[in-house]
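S.K.: My request is simple: use the sequences and hints to build the entire structure.
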Amino acid sequence: MSSKAEILNKIKQNQPASVTALPDLKVLGSETFDVLETYKTVLKNIGGNTVEVSSYDDIISYIKEHYNIEKRIVTTLPELSEIASLDWTNDDPHSLKNVELTIVKAHFGVAENSALWVTDDILGQRVAPFIAQYLAIIVNKENIYPTMHQAYEKIENQDYGFGTFIAGPSKTADIEQSLVLGAHGARGLVVYVMG
Amino acid sequence: MSSKKTIEHSEAAARFNKDVERVNWHDETLWFVREKRDKSAHQIQDWELLRETASKIKNNVLSNIHDYLIEFEANAQKNGIKVHWAADAKEHNEIVHSILVKHDVKQMVKSKSMLTEECHLNEYLAENGVEVIDSDLGEYIVQLRKEPPSHIVLPAIHLKKEDVSETFHEHLGTEKGNFDPQYLTESARQQLRDTFLTRKAALTGVNFAIAETGEFVVCTNEGNADMGAHLADVHIACMGFEKLIPKREHLGVFLRLLARSATGQPITTFSSHFKKPRDGKEIHIVIVDNGRSTQLGREDFRNSLKCIRCGACMNTCPVYRRSGGHSYHNAVAGPIGSILAPNLDMSKNADLPFASTLCGSCTNVCPVKIDIHDQLYKWRQVLVKEGYTPTSKTIAMKTMATVLANPTVFNIAGKSGRFVMKNAPGLVNNKMNKWYDQREMPAVPEESFREWYKKNSREAKGKNNEQ
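Each protein sequence line maps, in turn, to chains A and B. Mapping to my numbering: the first sequence position 52 is 52, numbers consecutive. Mapping to my numbering: the second sequence position 152 is 1152, numbers consecutive.
Rather than coming from a laboratory, the hints here were simulated on the basis of the structure. Only a predicted model underlies this, so the values are computations on that prediction, with no experimental measurement involved. Among these hints, one or two may not hold up.
[As the list claims (entries may be wrong)] Here are the computed lysine-lysine pairs in the BS3-like style, where the Cα-Cα straight-line distance is at most 25 Å:
| hint | chain 1 | residue 1 | chain 2 | residue 2 |
| --- | --- | --- | --- | --- |
| 1 | A | K154 | B | K1281 |
| 2 | A | K12 | B | K1106 |
| 3 | A | K154 | B | K1078 |
| 4 | A | K44 | B | K1039 |
| 5 | B | K1082 | A | K4 |
| 6 | A | K12 | B | K1247 |
| 7 | B | K1281 | A | K97 |
| 8 | B | K1369 | A | K12 |
| 9 | A | K154 | B | K1247 |
| 10 | B | K1078 | B | K1056 |
| 11 | B | K1247 | A | K10 |
| 12 | B | K1306 | A | K10 |
| 13 | B | K1247 | A | K26 |
| 14 | B | K1276 | A | K97 |
| 15 | B | K1306 | A | K4 |
M.R.: Here it is in structure tokens:
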């Protein structure tokens, strides 16, 4: 007998005789709070920054002011071609090792934990938000939802190869519980809330 | 599997307690994490409803896991993922090795996976000429020191920054005496970046696998699982079969609970959903049993399989905090480890269910409502019945049963006990008596409560007044 058959047989024998019901999820996620204010507060608490903008031009000026644009900046947004390159999405992912800043636009954000939902179609390459020294993510103001329940309602049966929630810069507290930003992924995250 | 003789929890804990300052620090640090969990949980109005919902979802999973596994495999295969099944640790290790051999890989980068610790994968691969580098900072530190992780979420929580500095100085050539966490983390980042960029295979654990979609979710703060997986040609994800959840929407419940329970963060930095491999690349999933199907059949202990590995029960446990993760001699330490370990090997882990005060704090913080302290209590009964407890404990318990069952014997025992403690305390207060470890006994009363009551009860006083 294969291991698969053996494992499944034993599970069938040993699992409870009757199937218990799944709970109703509709009762969850009814908390009410100021979505944008909560988003900004939570993001700040976990080491990220919110910048409110009304156009891509605002983002371009912010980046020119705060980053060294001589260094490599990549994006999947044609609106940002003045400061970032667009022709890297088919390259070997290892070639992104010298990227200083990656800029992408999230499908949506979540207020309770400041997470942003991104999938491979908007990332260009899966490794792009992880390998860059710094990360910037744009999200429309009206696309910030209160909790993870609304987030998964929104995702529903969206098809993707890879998707991730990103909440703040990469971090670790593995040395004596001292928080250090920039473990293996981005050292900093700026979220441009547009609207 | 280690053939070394296991040191009992109480003995290992006694060693850990020799350094009083460090034990106090360990205790306070973990309590600090517990407090962060509380603060975070209290901000969620529906917290208890979330726990209840998570518990019900997991109960449903355990009652229908056979069908969910079949559904998951079919959907994962549809997504282009290769699925393997391993009955035990040995088969798991062989499957991982065979994938590496097929791709001619001699070096692999790994992100946190307690399952591979349980299976002793690193040792197995090393014996077969494959070098594994653990990329989670805490795991990287303990790997350099040739130690196992002491906590499932905070692998190096038993170490001080001075220890890490010493280890990094020796292995990475960092400045001697520089123990700034920022500097040390940066050094590891530089070192491991090169590892990520040069490895063709990456192994990760799995936090949740979704039957409905065939995808799986990996949660990290550091981004190490993603750096490894997205730069490698082959991604191997290893999971115990209990990681399954029915639907994608259930992630909303578990992702709200996991990080808040673990460290008090609102969510981990990255919650990555892997559904399909990149073009031309491979994703393998190894579904492991290794005793889980046996635990599923033990009605009293079945729901230990609901665990989502947040570590909250360890952070809150007064015994864990003061004995350290290594004293549990099991990949998963603390209260939850103590109810999982006897299932794997009763004789080797018979001491663990006794490493608890049964205070119930673990049960109170568990995000999926596992009745941890009840199970610890039930394991004790099983272990005594099966004859796995030490003879001294069995004799002591039998003696106590005789004494408590007979009022005359109880009276005599009480009297002689008081006499001995008063007149020859050395007979009791010595190294043979475990109750005296780090403890002074209270002063001996002149009389027993029974004697006092005889004199002072209303009845006795009435009699006295009549006289």
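S.K.: Of all the hints numbered above, which does this structure not satisfy? Sort the numbers upward.
M.R.: 1, 2, 10
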